[in-house]
Each structure stands twice: as structure tokens, then as C-alpha cells.
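Colleague: Residue-level listing of the chains:
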Amino acid sequence: MAKVTRILVIEDDPAIAREVVAALQHHGYGTDHAENGAQGLDAARSGEFDALVVDCLLPECDGLSLLRRLRSAAVRTPALILSALGTTDDKVSGLRAGGDDYLVKPFATEELLARLEALLRRTTANAETALRIGTLHLDLIERRAWRGNRSLDLLMREFKLLEYMMRHAGLVVTRSMLLEDVWNYRFIPKTNLVDVHMGRLRRKLELGGEAPIIESVRGIGFVLHVPD
Amino acid sequence: MHRTGFRWSLALVTPLAAGTLLMLGVAYWLGTYALHRTIDQAVLEQLDLLSARPASLLPFMIRSRMVQRPAMVTDVGLFTAEGRPMVGDITVLPRGLPLDGKVRTVEAAERPGTGLLRERAAGRILANGRILVVARDTSDIAALRDSLLRGLAIAALPAFLVSLALAILIERRTRRRLEEMRRASERIIAGALDHRLPRRAGGGELDELAGTVNRILDRLERVVRALQEVGENIAHDLRTPLTAVRARLERAGNHAETSGAVRAITAQAIGGVDQALSIVSALLRIAEMEQGRQIAAFEPCDLVALIGELVGSYLPVAEEHGIALHTELTIPATVAGDRDLLIEALANLLENCLKFTPAGGHVTIAIIGTTRQPIVRIRDTGPGIPPARRPLVFGRFYRGEEKRGSGGIGLGLSLVAAVIRLHGFAIRIFDASPGCIVELRCWQHGLAEAWPPPEEAPDLAPSIAAPEALSALPPGGADPPPTMHPAPPPGR
Ligand SMILES: Nc1ncnc2c1ncn2[C@@H]1O[C@H](COP(=O)(O)OP(=O)(O)OP(=O)(O)O)[C@@H](O)[C@H]1O
Ligand SMILES: [Mg+2]
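As given, the protein sequences belong to chains H and C, one line each in that order. With the numbering used here, letter number 110 in the first sequence gets 110, and the count goes up by one each step, no holes. With the numbering used here, letter number 184 in the second sequence gets 184, and the count goes up by one each step, no holes.
Be aware that a few hints might be false.
Cβ-Cβ distance ranges computed for the label pairs, FRET-style [unchecked claim]:
#  : chain 1 : residue 1 : chain 2 : residue 2 : range
1  : C       : Gly-231   : H       : Leu-155   : 41 to 49 angstroms
2  : H       : Gly-148   : C       : Gln-291   : 53 to 61 angstroms
3  : C       : Ile-234   : H       : Ala-15    : 17 to 25 angstroms
4  : C       : Glu-319   : H       : Ala-130   : 26 to 34 angstroms
5  : H       : Asp-13    : C       : Ile-234   : 22 to 30 angstroms
6  : H       : Asn-184   : C       : Ser-278   : 51 to 59 angstroms
7  : C       : Ile-331   : H       : Arg-144   : 32 to 40 angstroms
8  : H       : Ala-15    : C       : Val-224   : 52 to 60 angstroms
9  : C       : Leu-238   : H       : Gly-47    : 41 to 49 angstroms
10 : C       : Ser-278   : H       : Asp-13    : 41 to 49 angstroms
11 : H       : Gly-219   : C       : Pro-386   : 36 to 44 angstroms
12 : H       : Ala-15    : C       : Ser-259   : 49 to 57 angstroms
No lab work stands behind these hints: they were computed from the structure. Remember, predicted model here, so these are calculated numbers, not experimental data. Think of the CB as a built atom: it goes at the ideal place given N, C-alpha and C, for glycine as much as any other residue.
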């Protein structure tokens, strides 16, 4: 039996904590819940967890100082910060304190799950010069892409998009993740910006009549399938 | 109130009375002491003059003086050592006059042809023992003094009374005005925000004060109204999606037979809730920006790179809309700002162009002006914004009546305005006929700090973001001080 991935939820609001824990368990995670910063810090120090979900505002020891103390104690468990208000400042200070990703309340459960998955998958600094998934091949130095033998004529943005999808292959990637990480936008455009670019990328990927490799996940985002 | 008024008029009248009395006093002093001194001098002079003459010539001189009588103001009399009159117009030696050459007041009743007279007189015993007396009648002076006093009294009393009346009148008027103002203030305090302090033409300081207070009230009223409107709009715009959500959930509860149907309806309901939530977050973000909290994040932003990048992202979107997107980025421009917010503001403007411009149209983003004062100019070939609506579009929840496109919530330009304010930039809308030109006036990085702060503090609500400035001036004018400078330049 595969080892269960364990998540520590540090959140004082009982309603939100209940929903988050329920959603995580529903998706097969093992969860623990800490109601305040002190408890959370103790639990997280044990190093038994694969990821942390940390609320920004906590009684006793707020989320950011909790993270700072964890990091200075060399606990590197990836952490997702939950915050009530999406100010740029909050986000910057959250990431600076040692958070790995940042999610603004209210959020969709799928968004939380997708980001958590991405965090769990995150590998440390990669100095690769190429990416390969199935027949997809990216040359990161020359910025060129192939599907099989066919060279893909990608624009800069499409190349970045494909690279991101490949790094998150098999994972659901949400639109806001793409906007944040590929576009570096801190807002949600009112136009279907992501979909338009993704559509073009997909068309280029399937130009030779190949099978679709990137699929939409209704209402959530996209996934790049890893061929078995 | 009454008592203060009375005290006030008393205070006004007292110095007036004192002044009048003082004036009378001076008149009296003039009429007695000062005039007497002059007389005394004349008397002494004559006495000295005559007594210095040779004794033998004196009777002759006195006689000749009498011939010139009208020219002389003093009377003279020469008496023997025994006091018998020898020559002169004084025929009786004044009783009780010490003959020491000093001037005194004497009764001269004995002089023929006249009644009781008062004179100033001085006498002296000459070397040969005779007595010389010089005198000057003071009755005319007394008469002069009396008429002076009478005149003054006649003139001063009415003047005094008139002043008193005026003082009371002015006091009454002032009191009435203050009372009016107090009553108006009470009404305003009670909530009549459109009420104003009464003003009168040419009303002096009180009127000026009322004017100032009224201007404060104008401004307050605008702000409060804008806030009220925003509040009502929030309520209204939240109610719309929430009502739909409610209806859907009700439908799911009552009619959905299969779990699939329930799921579909819940998905719709979540969409509605998300819309409501997005309104709330947008409002919070705007509010946050208006409090100017993010200035710390300012950094040099290369506008050319930033716009080029943005346009690259939106190019495919524009193509989907059948709109040609152009750039003219020939002027290098770096401004101090929050990169993320600037991108968001420009994206909002661009999205508006794409939304409102019909297929086949053009949208151009250019940097004009100078490197020191770059202007980002976005031009489309859409319906444009008529001048009357230009001040309104920056208000929260403002949408054009036509509601074209996939109904926005009308917060896009409010956010743009908030970003502009935060940066101390200016924004204006012009006609492209056909179409719309939006100009964003920026400051070169490093320049904004040196720029003098604006005289006016920004209004609280963006709906009143210096609307006057939005329609003035031709597009692209190169006048350095902007008319709309809605926020202090980014601080250090
Ligand atoms: N480029 C334009 N051409 C014509 N009209 C415009 C343009 N930009 C804005 N407007 C008018 O100004 C109104 C307010 O714009 P704003 O961006 O604030 O709201 P919106 O686009 O309707 O909604 P939102 O941006 O919140 O989705 C619009 O509804 C429209 O009537
Ligand atoms: Mg808009």
C-alpha cells in the first residue's frame, strides 16, 4: 500500500477548516488540523507532514511568523498560505516568510487541491536544459519544441505555457495558476486570455493530426496528459 | 443670546459717549484756558510796552491809541498815584487789583455803558508813581465758548443718539444672521445635507464665513452622496447574482429529480456566488488602493517593455474579436510604479477597447509626449464615450446604458482611477471620432518625488475624480502641470 500523503491544516476558522479537511480527505489525503499557531508549530516541527496549509491570521502565533520559525528551524515542508485579502503586499510578505504558494479566500476547493498537488510535486531547482514527456520535447536553451519529429512553431508565450504544462504533467493546472506563473499577472482578466492562448497552443500541438495532449478540465483549468 | 446682544451694544455705545464727552471737554478747555492765555499775553505785552515808554509821552500815546480804538483789543487806563483817572478808556481803577504786573480776572461793572463785565487786567506802578492798568474784556470769549459748547451739544447729542440706534440696529441684524446661521446649522446637523447657510449680498465677514462653510458642505455632500450611491450600488449589484442563486437553489431543492440535475444547478449557483464574491473583492481592492497602502512597492517600470508584453498577451484575444491591435512605442519611458497594478490598469483599458469596439475595428496603444512626461494613449474605433459621460465612467458600478458585450460590473475604470491616483498620474478621455482616446499622463521615474504636491487632497470617491479635467484640453497637449493630479506623488 502506498504511503498516504499527509497534510497539516493550520486554520482557526472552524467552518473553513472543516471544509478544507473534508475536501482533502475526500481526495485521499491524510489530514491533521491545528486550531492555532502554537499547536500548528509544534505539529509541523515533527516533520511528519508532506505539506502545510496555513492561514495567515491565527491566534497566538500568526501564519507568517509560524512559517518563519519553521524555516529557520530548517523544516522545509512545502506550505500553502491562505489569506483573507489578496493584497500584493500580503502575497509578497507571505512568500518571503517561507510560503511556497498563496491562495486568497474565498477560494474554490479545486483551486486549493490543484495548487497543493503542484506543491507536492515541486522538485527543487532544476537546471535541466531539456524537457521530455512522451513524444513532446522542449529544448530550454534554444527555446525550440518538437512533437515527435515535427518542429513546433511556438510564440514565446506559448512556449512558456507548454513548459509549465509539461512541468505539471498529469496535474490539473488552474487558470489562476497559469496567470500567476506564466503571465505573472496578479489579476483575473475579464477576457478569456488563458483559453485563447491555450487554444492556439493546442492547435499547434495537434496540427499534424496527433491526438490531443492537453485537455480542459471543466470549470477548473487544464491538464497535460502523460502517455502511459 | 439676548443678553450678549445687549452687552454688545453697550460696549459699542460706551466709547462713543466717552468720545463725545472728551470732545466737549476739549472745547471747554479751548474756550477757557487756552484763550485766556492768549489774552493774558496780549495784556502783558501792552503793559510792558507802555510802561517802557518815557513817562512824559505816555498820556499822549494813550490818547492816540484811543483814536485808533477799533484796532486795539486792549483797554488802557493811566491813573495818578492816588488812583484818579488821568487818561485812557479805563476810568475806574479796578477794585482789588494788585499792582504787581500780573494778569488777573476782575469785575469791571463800574465801566460806563456796559453791564457787569469780566475782564483780565494787570496793573503796575510806574517810576513816577502813576498807575498804569491794561485790561481786556473777556465777555466775547465767554460768548464764543458758550456758543461753541452749545453747538457741540446740539451736534453731538443727535450724533450720539444716531450712533446708538445704529449700534442697536447692527447688533440686531448680526444677531438675526447668527440666529439664521445657527438654525441652518441645526438643520444640517439634523441631516439636511443639501441645506446651506444663508447668504446676503455684500454681507462682509459673516457672509464670507458662510460661503466657506457652504463650500465645505458642497464637498462633503458630494462625497457623502457618492458614498451613498456606492453603497446602494453594491447592495443592488450583489442582490442580482444572489437572487439568481437563491432561485436556482430553490429549484434544485424543489424539482431536481436526479443527482445530475442537482449538480448542474449547484454549479450554476456557485457561478452566481462567485460573481458576487468577485464584486466584493474588486471593491476591496479598490478601497485598499485608495488608502494608498501599496506605495512601498514602487519600482522603476519600463513602459515600453510592459506595454509590449501586455499587447503580446492580448493580441490573440483581439484577433478573436476581429480587431487589429497596434502599438507605437517609439519613446523610451520608465516610470515609478507598482508593476502589477500598472499592468492591471492598462489591461482594463485595453479590455474595454476590445469589448466595446466592433469587429473590424482598430485599437492602438502608443507612448507619446516626452521621456520626462510620457503619455500612454489608447485609441479605439468603438462608439466612444460622449463628453457628458466622461466624468461618470470612473465611478463605481457605472456602465453605459447600452450594456453591450458580456455585461461587466462597471468596476474596471474605478480600479483604473484608483491605480492612477495611487501613482499620482492623470487620466483623460477624448474623442477619436469615431472612437475613444484614453490618455494616461505619467511621470518619469525619479521625477515624481520632486514634483510639488497637488494643492487639493483627493476626493474620497472616485466618481468625482476631478471630472472637470477629463474633458478639457486637446489630446496630447504638452502642458507640463497636469490639471488632474489626484493623489500626492508617490512618497519616498
Ligand atoms: N473604450 C470604450 N469605448 C466606449 N465606451 C467605453 C469604453 N471604455 C469604457 N466605456 C464605457 O464606460 C463604462 C464603464 O467602464 P468600466 O470598465 O468601468 O466598466 P465595464 O467595462 O462595463 O465593466 P467591468 O470593467 O467592470 O467588467 C462602460 O460600461 C462603457 O459604457
Ligand atoms: Mg471594463
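Colleague: Now tell me if each hint is right for this structure.
Modeller: Now the hints, each set against the structure:
1. For Gly-231 of chain C and Leu-155 of chain H, the Cβ-Cβ distance of about 45 angstroms falls inside the hinted range of 41 to 49 angstroms, so the restraint holds.
2. For the pair Gly-148 of chain H and Gln-291 of chain C, the supplied restraint of 53 to 61 angstroms holds, since their beta-carbon distance comes to about 55 angstroms.
3. Judged by the Cβ atoms, the range 17 to 25 angstroms given for Ile-234 of chain C and Ala-15 of chain H holds: they are separated by roughly 24 angstroms.
4. Checked against the hint of 26 to 34 angstroms, the pair Glu-319 of chain C and Ala-130 of chain H passes, with Cβ atoms roughly 31 angstroms apart.
5. Between Asp-13 of chain H and Ile-234 of chain C the beta carbon distance is about 24 angstroms. The supplied range of 22 to 30 angstroms therefore holds.
6. Range check, Asn-184 of chain H to Ser-278 of chain C: about 21 angstroms between beta-carbon atoms, so the 51 to 59 angstroms window is missed.
7. Between Ile-331 of chain C and Arg-144 of chain H the CB atoms are about 34 angstroms apart, so this pair conforms to the stated range of 32 to 40 angstroms.
8. Our hint of 52 to 60 angstroms for Ala-15 of chain H and Val-224 of chain C is violated, since their Cβ atoms are close to 36 angstroms apart.
9. At about 45 angstroms, the CB distance of Leu-238 of chain C to Gly-47 of chain H agrees with the hint of 41 to 49 angstroms.
10. As the Cβ distance of Ser-278 of chain C to Asp-13 of chain H is approximately 21 angstroms, the hint placing it in 41 to 49 angstroms is violated.
11. The hinted window of 36 to 44 angstroms between Gly-219 of chain H and Pro-386 of chain C holds, with their beta carbons roughly 39 angstroms apart.
12. Here the CB-CB span from Ala-15 of chain H to Ser-259 of chain C is close to 24 angstroms, at odds with the stated 49 to 57 angstroms.
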